[in-house]
Amino acid sequence: DQQVKQNSPSLSVQEGRISILNCDYTNSMFDYFLWYKKYPAEGPTFLISISSIKDKNEDGRFTVFLNKSAKHLSLHIVPSQPGDSAVYFCAASGITGFQKLVFGTGTRLLVSP
Amino acid sequence: DVKVTQSSRYLVKRTGEKVFLECVQDMDHENMFWYRQDPGLGLRLIYFSYDVKMKEKGDIPEGYSVSREKKERFSLILESASTNQTSMYLCASSLGAGSNQPQHFGDGTRLSIL
Chain A
1 DQQVKQNSPS
11 LSVQEGRISI
21 LNCDYTNSMF
31 DYFLWYKKYP
41 AEGPTFLISI
51 SSIKDKNEDG
61 RFTVFLNKSA
71 KHLSLHIVPS
81 QPGDSAVYFC
91 AASGITGFQK
101 LVFGTGTRLL
111 VSP
Chain B
114 DVKVTQSSRY
124 LVKRTGEKVF
134 LECVQDMDHE
144 NMFWYRQDPG
154 LGLRLIYFSY
164 DVKMKEKGDI
174 PEGYSVSREK
184 KERFSLILES
194 ASTNQTSMYL
204 CASSLGAGSN
214 QPQHFGDGTR
224 LSIL
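Those sequence lines, one after another, are chains A and B.
Just so you know, we're using my numbering here: the first sequence kicks off at 1 and counts up by one.
Just so you know, we're using my numbering here: the second sequence kicks off at 114 and counts up by one.
Just so you know, not all the hints are guaranteed correct.
To be verified - These stretches of chain A come out as covered by chain B in the derived footprint (C-beta under 8 Å, 3 or more residues):
hint, region
1, 38 to 45
2, 104 to 110
As the list claims (entries may be wrong) - Computed cross-link-like contacts, DSS-like style, restricted to lysine-lysine with a CA-CA straight-line distance of at most 25 Å:
hint, chain 1, residue 1, chain 2, residue 2
3, B, K170, A, K5
4, A, K37, B, K116
5, A, K100, B, K183
Because the hints were derived from the structure by calculation, they are not lab data.
Cβ atoms here follow ideal geometry from the backbone N, Cα and C, with glycine treated the same way.
Extracted from the complex, chain A is given alone in its bound form:
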């Protein structure tokens, strides 16, 4: 059973425009959410996170929004750049004490010049 879902396998955006990547979760015990970016032949790199006590967290061009009632989070990238082209994974964890993450299946973002 997929507890964290990224329903769009791919997304294409033009340089300078906004990229919006979506993620849904089913487990109401999740309270910490993260986004990772992965380039080919490299490990995932931590991008941004949000705790369930917030509904928005911003870091430069990256903003994560959390809608707990809808069990939905999104990552906004503004403005998008060609270097943002990568696979983006959404991940979630609950208070287990061991920070066990559950990952989505990823969305491949392509930003064209």
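Assemble chain B onto chain A, guided by the hints.
Chain B only, in chain A's frame:
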């Protein structure tokens, strides 16, 4: 900066062999993890460890074991490799329990079982 180092980037082994994947982190992190990444399936947790000599099964532990003799090193062992264990293997580490801290990943080992 956190550094997680996986001993091999690419590895080719034969069916039935015992395979060792090594991971070392340099930030004194308590938690260490092993994942495999397959197309369309995302990252799936195999095993994790929250302290030396401690280990917990993840979501897909069958066919694997782990060893953590020292805090900085976490080894994944394929007891008898099979072709369905061909995959990208990723090691990660994070700070201890009770704090929301991101996991930091190595660059992965692409393992092929022939």
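Each hint tested on the structure:
no. : hint            : result
1   : 38 to 45        : holds (count 5)
2   : 104 to 110      : holds (count 3)
3   : B:K170 / A:K5   : holds, 22 Å
4   : A:K37 / B:K116  : holds, 17 Å
5   : A:K100 / B:K183 : holds, 21 Å
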